[in-house]
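A.B. asks: Below, each chain spelled out in residue letters.
Protein chains: 2
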Amino acid sequence: MFKIENRGGMVLISNADKLKSWNDGFIKQSILDFLNSSIEKGRDYVKPEDRIATFDNDGTLWVEKPMPVQLNFVFRVFAKTVQNNPSLLDKQPYKAILKRDETFFKMAIEQNPEAIMALEDAMAREWSGKTPDEFEAEVKEFFAKVKPEKFAKNFTELVYKPMLELFDLLKTYEYRVFVCSGGGRDFMRIISEETWGIFKENVIGSAPNYEYNNGTLKRLDTILGGLALGPGKVEHIFSQTGRLPVFAGGNSDIDVEMLESAKFRLLINHDDDEREYYYENGAEKILTIAKEKNYTIVSMKNDWNEIFLK
Amino acid sequence: MFKIENRGGMVLISNADKLKSWNDGFIKQSILDFLNSSIEKGRDYVKPEDRIATFDNDGTLWVEKPMPVQLNFVFRVFAKTVQNNPSLLDKQPYKAILKRDETFFKMAIEQNPEAIMALEDAMAREWSGKTPDEFEAEVKEFFAKVKPEKFAKNFTELVYKPMLELFDLLKTYEYRVFVCSGGGRDFMRIISEETWGIFKENVIGSAPNYEYNNGTLKRLDTILGGLALGPGKVEHIFSQTGRLPVFAGGNSDIDVEMLESAKFRLLINHDDDEREYYYENGAEKILTIAKEKNYTIVSMKNDWNEIFLK
Chain H
56 MFKIENRGGM VLISNADKLK SWNDGFIKQS ILDFLNSSIE KGRDYVKPED RIATFDNDGT
116 LWVEKPMPVQ LNFVFRVFAK TVQNNPSLLD KQPYKAILKR DETFFKMAIE QNPEAIMALE
176 DAMAREWSGK TPDEFEAEVK EFFAKVKPEK FAKNFTELVY KPMLELFDLL KTYEYRVFVC
236 SGGGRDFMRI ISEETWGIFK ENVIGSAPNY EYNNGTLKRL DTILGGLALG PGKVEHIFSQ
296 TGRLPVFAGG NSDIDVEMLE SAKFRLLINH DDDEREYYYE NGAEKILTIA KEKNYTIVSM
356 KNDWNEIFLK
Chain R
56 MFKIENRGGM VLISNADKLK SWNDGFIKQS ILDFLNSSIE KGRDYVKPED RIATFDNDGT
116 LWVEKPMPVQ LNFVFRVFAK TVQNNPSLLD KQPYKAILKR DETFFKMAIE QNPEAIMALE
176 DAMAREWSGK TPDEFEAEVK EFFAKVKPEK FAKNFTELVY KPMLELFDLL KTYEYRVFVC
236 SGGGRDFMRI ISEETWGIFK ENVIGSAPNY EYNNGTLKRL DTILGGLALG PGKVEHIFSQ
296 TGRLPVFAGG NSDIDVEMLE SAKFRLLINH DDDEREYYYE NGAEKILTIA KEKNYTIVSM
356 KNDWNEIFLK
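Residue numbers (the working numbering), protein chains in the order written: chain H, 56 to 365; chain R, 56 to 365.
For the record, the hints were derived by calculation from the structure and aren't laboratory data.
A couple of the hints might just be wrong.
No distinction is drawn between identical chains; accordingly, a pair holds when it is met within one copy or between any pair of copies.
Mimicking EDC-like on lysine to aspartate or glutamate, the simulated pairs with C-alpha atoms at most 16 Å apart in a straight line are [as the list claims (entries may be wrong)]: (1) 255 - 105; (2) 102 - 248; (3) 255 - 104; (4) 102 - 249; (5) 195 - 220; (6) 255 - 188; (7) 318 - 329; (8) 365 - 212; (9) 75 - 220; (10) 202 - 327; (11) 83 - 223; (12) 135 - 193; (13) 146 - 165; (14) 205 - 193; (15) 346 - 327; (16) 340 - 79; (17) 216 - 72; (18) 195 - 105.
Please model the complete structure; the sequences and the hints are all you need to start from.
C.D. replies: Listed below in structure tokens is the structure:
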């Protein structure tokens, strides 16, 4: 209990109650203890202006299987593109998409440089010259239509309820919450406000350059300041906010640098095969570091009594 | 009167009273009318998430004479650099600084491409490899020491009080206020919170790329996504916020595109030689457009009863 809120009358709000989907225990208590000491004058005090919290998206805020949501979107678009343009048949990523080449998909998901470069080229080819509205229409169609097999729900319903409760809690402590994903900034901004309650300007990620000409914004075929992967996450966070995060949450090896740059490090461990998925691949490195350095490791199975928003 | 605020008891706040340094009249009323209709359901309603306001800095929020504040800083640093490195003597901008070559300064202030390129190169040379803390120390020393001759005050005291009142008013209407200057983003962020009450993440401008390596952020010698001048302002605003502004304020020709991209366009006209400066150079184009298109043109002389913060 630390804050009195005025809701019609005077109501005492317990902060622990804000994390309803979190089971009582060490993890929940660690979060509350950190936040409480960060607002009390003392050794661990964090000035209000420094209270920045950043979170990865895929696998931290929503389901990232069978593949990160944006890749799912991008591959579907590319499949149509190559149908209309057979000269691309021998090129990656189109070849892999048509032949269902799992090796290439795996390389892309694991951020293999060659696969990433092929994807970047294809994305530049696909959307260069498009306006934000044109891109938004494509993304909205994707979200309305596509549901991952295991759940038969839209991706925007497969958001982790405990994480949104954590966002609300952080805001109570006057933290400004940002999402920083390796995926596309402008892809996420289309759903961020409705789905996460996060303004577009608080969404950070890999992004194209734009050109403003004659009153119209159009995408260029170049990337703004590098991809937001690994150290790139920290670079993009600093660029957007002017600070490093105080509180950071992630789930995979490309989140290591972001978590290392923060004071409080939350790692989501996918160990719930029944309600979501069980996997450690893509997280081998960060799980090792997390155990060595005492990150706050969330077991989805044991620490969350509900997983999804809906 | 539209909002009830709780300050100990119930106090009725008049929004017109929030613009104390603005004289009553057409301009003040236009601002209030626009903001009122933007929150009333109807033709001019603006959804809360879309309420973005952006302002130029030099000449819009503070004094930009004898030259934009950041150029003043940069030239002082370069003067020291060339003293320590005489091989730069024949290069611009060092040559101009040593010989007090007003032509080059004028070119730089007026955004001549050749002068800008020489400046960019020199800035990359000067600060590439430096950490944010090292840069901050230099900037703070500058702000503490340097006062423009006409006023014998620090630049951070030469902020326009009416504009800070406008920021507060906009926040009352749930607008998120951003500063977008052609000058250096990271230069402004150092003073933005204390001076304007604007969080670092709401400051947009020209900026270098950074590299995060071994726990340390260092500046690179390249520019992030082009300079924030002219159309570049709109590109940087979209990149930072995911939107175009609803309300925008500026004072010079490099603000035309930003103002054109907004619904409400505020132009600060420097017509007060006694209390500040009288000049139209660098604003010839925007003054013409503003008159043609009925921008809201603020006469510093007639519309503001106080100019400075302190």
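A.B. asks: A separate judgement is required for each hint: does it hold in the structure or not?
C.D. replies: We went through each hint and held it up to the structure:
1. 255 - 105: between (20 Å within a copy, 10 Å between copies)
2. 102 - 248: between (27 Å within a copy, 12 Å between copies)
3. 255 - 104: between (20 Å within a copy, 9 Å between copies)
4. 102 - 249: between (29 Å within a copy, 13 Å between copies)
5. 195 - 220: neither (25 Å within a copy, 39 Å between copies)
6. 255 - 188: Within one copy only: 15 Å inside, 28 Å across.
7. 318 - 329: Close neither inside one copy (32 Å) nor across copies (51 Å); limit 16 Å.
8. 365 - 212: within (6 Å within a copy, 52 Å between copies)
9. 75 - 220: within (8 Å within a copy, 41 Å between copies)
10. 202 - 327: This pair counts as neither: shortest intra-copy Cα distance 20 Å, inter-copy 62 Å.
11. 83 - 223: Within. Shortest intra-copy distance 14 Å satisfies the 16 Å Cα cut-off; inter-copy 37 Å does not.
12. 135 - 193: within (12 Å within a copy, 54 Å between copies)
13. 146 - 165: neither (20 Å within a copy, 47 Å between copies)
14. 205 - 193: neither (24 Å within a copy, 56 Å between copies)
15. 346 - 327: So residue 346 and residue 327 fail the 16 Å test inside a copy (19 Å) and across (64 Å) alike.
16. 340 - 79: Intra 28 Å, inter 64 Å, cutoff 16 Å: neither.
17. 216 - 72: within (14 Å within a copy, 43 Å between copies)
18. 195 - 105: Neither: 34 Å inside a copy, 18 Å across copies.
In summary, the structure is inconsistent with hints 5, 7, 10, 13, 14, 15, 16, 18 from the numbered list given earlier, while agreeing with the others.
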